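For chain F, the structure is supplied; the task is to place chain P on it using the hints.
Note that the protein sequences, when read in sequence, are chains F and P. Numbering-wise, our numbering puts 76 at position 76 of the first sequence, and it's gapless, one number per residue. Position in the second sequence (from 1) plus 1000 gives the number in our numbering.
Heads up, some of the hints might be wrong.
[Unchecked claim] Examples of chain P residues toward chain F, derived with CB under 8 Å:
hint, residue
1, Y1033
2, L1039
3, Q1041
4, G1042
5, P1043
6, L1045
[What the hints assert, rightly or not] Here are the simulated lysine-lysine pairs, DSBU-like style, with alpha carbons at most 30 Å apart:
hint, chain 1, residue 1, chain 2, residue 2
7, F, K68, P, K1044
8, P, K1078, F, K56
9, P, K1071, F, K56
10, F, K100, P, K1015
11, F, K100, P, K1078
12, P, K1062, F, K42
13, F, K42, P, K1044
14, P, K1011, F, K100
15, P, K1071, F, K42
16, P, K1083, F, K42
17, F, K100, P, K1044
Derived from the structure by calculation, the hints contain no laboratory data. Only a predicted model underlies this, so the values are computations on that prediction, with no experimental measurement involved. Each residue gets a CB set at the ideal place from its N, CA and C atoms; glycine is no exception.
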Amino acid sequence: GESVGLHLPTLSVQEGDNSIINCAYSNSASDYFIWYKQESGKGPQFIIDIRSNMDKRQGQRVTVLLNKTVKHLSLQIAATQPGDSAVYFCAEGNRLAFGKGNQVVVIP
Amino acid sequence: EAGVAQSPRYKIIEKRQSVAFWCNPISGHATLYWYQQILGQGPKLLIQFQNNGVVDDSQLPKDRFSAERLKGVDSTLKIQPAKLEDSAVYLCASSLTSVGQALYGYTFGSGTRLTVV
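Pulled out of the complex, with its shape left as it was, chain F reads as follows (with noise of 0.2 Å):
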């Protein structure tokens, strides 16, 4: 079955600077991935997705770049604020199956 991980477990960044977050996946079927949110206390939030006929989809203040190629996608933060520390995941949307999820620790 597809599976979906992160590449680096806990991101620290300043505030106002930008934030990478990078997610690799198995299934090269696999056509749509969700970004989540999740707060402690809280359900996963729905961030953004991405369809595999896009490379890039753009939000407020998030980005997702897919790279089929490599089975790679990735969220990017613009201005982390405060607000933003949370895990994040990233999701096969079709079967909805969550990678281990990636911290993020904004310093103020």
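Relative to the frame of chain F, chain P by itself:
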């Protein structure tokens, strides 16, 4: 739009006891999911419903876990008997789907934190 509602918020039980969780999805969402999230890990899919039918329960420990969605709306997840390793957050999610593919991002509830002692 109201979110996905789950109850109870917290539950502490002794091992070998039974427990049930309830989920009310977003109105009109045909697909409902139950996830188990152990501390420090990503959510793991337990079961997926499409309306009142089971789409995927391959990772549901059927010897002790059961779930139902009788009228295609609310759902309950039950554990009987509970084990220590069942301590986790149980998340419910729903989505508006078409032909097995989500049209929009899934919406999660806040979860039920289960502690088995």
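Which constraints among the numbered hints does this structure fail? Numbers only, ascending. Structure breaks hints 2, 8 and 9.
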